[in-house]
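Going line by line, the protein sequences match chains A and B.
For the first sequence, the numbering used here assigns the number 1 to the initial residue and increments by one for each residue that follows.
For the second sequence, the numbering used here assigns the number 1 to the initial residue and increments by one for each residue that follows.
Just so you know, the hints here were simulated from the structure itself, not pulled from any lab data.
Take the hints with a grain of salt, since some may be wrong.
[Said to hold, decoys possible] Once the Cα atoms are required to be at most 20 Å apart in a straight line, the calculated SDA-like pairs of lysine to any residue come out as:
{"hint": "1", "chain 1": "A", "residue 1": "Lys16", "chain 2": "B", "residue 2": "Glu221"}
{"hint": "2", "chain 1": "B", "residue 1": "Lys16", "chain 2": "B", "residue 2": "Arg100"}
{"hint": "3", "chain 1": "B", "residue 1": "Lys16", "chain 2": "A", "residue 2": "Gln222"}
{"hint": "4", "chain 1": "B", "residue 1": "Lys16", "chain 2": "B", "residue 2": "Asp103"}
{"hint": "5", "chain 1": "B", "residue 1": "Lys16", "chain 2": "A", "residue 2": "Lys16"}
{"hint": "6", "chain 1": "B", "residue 1": "Lys16", "chain 2": "B", "residue 2": "Pro27"}
{"hint": "7", "chain 1": "B", "residue 1": "Lys16", "chain 2": "B", "residue 2": "Arg155"}
{"hint": "8", "chain 1": "A", "residue 1": "Lys16", "chain 2": "A", "residue 2": "Arg98"}
{"hint": "9", "chain 1": "A", "residue 1": "Lys16", "chain 2": "B", "residue 2": "Gln222"}
{"hint": "10", "chain 1": "B", "residue 1": "Lys16", "chain 2": "B", "residue 2": "Arg131"}
{"hint": "11", "chain 1": "A", "residue 1": "Lys16", "chain 2": "A", "residue 2": "Gly156"}
{"hint": "12", "chain 1": "A", "residue 1": "Lys16", "chain 2": "A", "residue 2": "Pro27"}
2 protein chains.
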Amino acid sequence: MSGGDEFDLLAEVYRKNVLLPSFVRVPPGDDMAALRFPAGDLLVAVDQVIEGRHVAVDAPAAMIGRKAVARNVSDVAAMAARPFATVVAVTLPRRYGRARALDLFEGLRATADAFGCPLVGGDTSIHADERAPLVCSVTILATPAWPGARIVTRRGGQLGDLVCVTGRLGASLAADGTGRHLTFEPRVPEGIELLERLGDRLHAMIDVSDGLGRDAAHLVEQDPSLAIELDAARFPCAAGADWRRALADGEDYELLFLSGGPVPPSAAGTPITVIGRVIEADGGPAVRVRAEGHLHDGTDAGWEHRGS
Amino acid sequence: MSGGDEFDLLAEVYRKNVLLPSFVRVPPGDDMAALRFPAGDLLVAVDQVIEGRHVAVDAPAAMIGRKAVARNVSDVAAMAARPFATVVAVTLPRRYGRARALDLFEGLRATADAFGCPLVGGDTSIHADERAPLVCSVTILATPAWPGARIVTRRGGQLGDLVCVTGRLGASLAADGTGRHLTFEPRVPEGIELLERLGDRLHAMIDVSDGLGRDAAHLVEQDPSLAIELDAARFPCAAGADWRRALADGEDYELLFLSGGPVPPSAAGTPITVIGRVIEADGGPAVRVRAEGHLHDGTDAGWEHRGS
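Take these sequences, add in the hints, and give me the full structure.
So this is what it looks like as structure tokens:
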């Protein structure tokens, strides 16, 4: 992390008397951070937020920082795992300004802290080009929910599984202030409670970021003998969203999972809704949606309607 | 890693029958990768390569991938540690093209593999803006050199320590084809052999990325009672570089370290040169360079000359 840093924003943020947890043995400011890691599996993922792509150019810097971390924490929730630590690489626009950059880093730091995965390293650069946008990429490390706990992947769905989702879907990107894409709560406690309560019946899980239809397809793509049928009438639609938006909008950051048995009505206080079932593949779309008396292709943004 | 990926280049690269090591329990393609981690300290760092900033816009994509990984491996070498795994976030220019993007990812993958830190996760996005450049940020995980081995940080220098450097310095960015910034070998075996041979006498270490003068300053910045005096006549200058370039050019990715006793003439086949000593701070510059009968400020790009 030594090379070419124009300035060390992370060191600046940590100079404000913020304490790091004791498992951080070498804090930010060296070539690498060193962490005391509990024995067992280590999970790792990276995700990025780009101005003009995942956030509006005029979004507040601290909220961009929040989203960059929270997206990653949502990936941890999807494995029924527990956030452990984060590092961030930021490329700043040329005229971003130091105060705004510090807001961004403080948003990253405070959010990481709040979700139990302290920011332990960072690299900051500035674009050479005048017009290039902010790029903020967060890497998250995680541990199993408890020592020896199973990690829940996208694979493992079985014929007859219930397709279930936490919370509400759709209209997350609404620009009128009701959209949740900057303020969502990653479903970490929900994922862990589902693993505790369902145990081996929690067959597969993913977070809904690309959209319910596309993410449901990921849950059966490893097994060509399986498909998913969803019932649009059961979709837990957010205010302002109909079933089509619940299916396609994305950025909900809810947990979508396959259960081999009955599910509780809620987990960690968040409602759970059964919205479909794993069926046998028949050459049709991997995800089909029963709505308004027809079967629709749930994975195709082109809405290729099909008779039922 | 599920959200907003335009396409999954990493999955594509791994589809070419490339085997991942057995410690990778959940391979790329899920929300997170899962790795069987040996008990003990976990090291983590992130570093980025930006087109127009760290590499020329016309640099071959595979070499950009190589540099992005190798810079991080150099951070591992600087801790006398051992590379373990990598993840990468890439933001592609709009007109980059799929073949070139695959070259980039294959460069990342092959380099990570060669240095013993397989690429286990990635996220790819595409800029919204037509003119925005490639941003490639690599996060590297590492372990101590052997179970229970000490991690060597930038702190720990003591009065009288020898200041030593591996290899040759300067002219790394030469555009005539002799520059090493795209082809350098990170000094991982050298770092580990130094730790084995010097043991507790290996007081502090860093890799030379910003430039010898600036990086030497990092080795005493934690202790205001210490400074460093370098002897320019001893600098192991690369072909085409004088002492000024060896001091200031940067991107050498050699190891700069402080030793509390004599050092071997080489480590892992790479020459080691003693170039200075840790002295008492006297209110002067943190790093001063004795050259041509004068003392120069080694940390100031402005070359504030001083009488000796």
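How the hints compare with the structure:
1. Lys16(A) - Glu221(B): Holds, because 19 Å separates the two Cα atoms, which is no more than 20 Å.
2. Lys16(B) - Arg100(B): Measuring from Cα to Cα gives roughly 16 Å; hence the hint holds.
3. Lys16(B) - Gln222(A): Measuring from Cα to Cα gives roughly 17 Å; hence the hint holds.
4. Lys16(B) - Asp103(B): holds, 13 Å
5. Lys16(B) - Lys16(A): violated, 48 Å
6. Lys16(B) - Pro27(B): Holds. Lysine 16(B) to proline 27(B) sits at ~14 Å (cutoff 20 Å).
7. Lys16(B) - Arg155(B): Violated. Lysine 16(B) to arginine 155(B) sits at ~44 Å, over the 20 Å cutoff.
8. Lys16(A) - Arg98(A): holds, 16 Å
9. Lys16(A) - Gln222(B): Since the Cα atoms of lysine 16(A) and glutamine 222(B) sit roughly 17 Å apart, the hinted pair holds (cutoff 20 Å).
10. Lys16(B) - Arg131(B): violated, 32 Å
11. Lys16(A) - Gly156(A): violated, 46 Å
12. Lys16(A) - Pro27(A): Judged against 20 Å, a Cα distance of about 14 Å means the pair holds.
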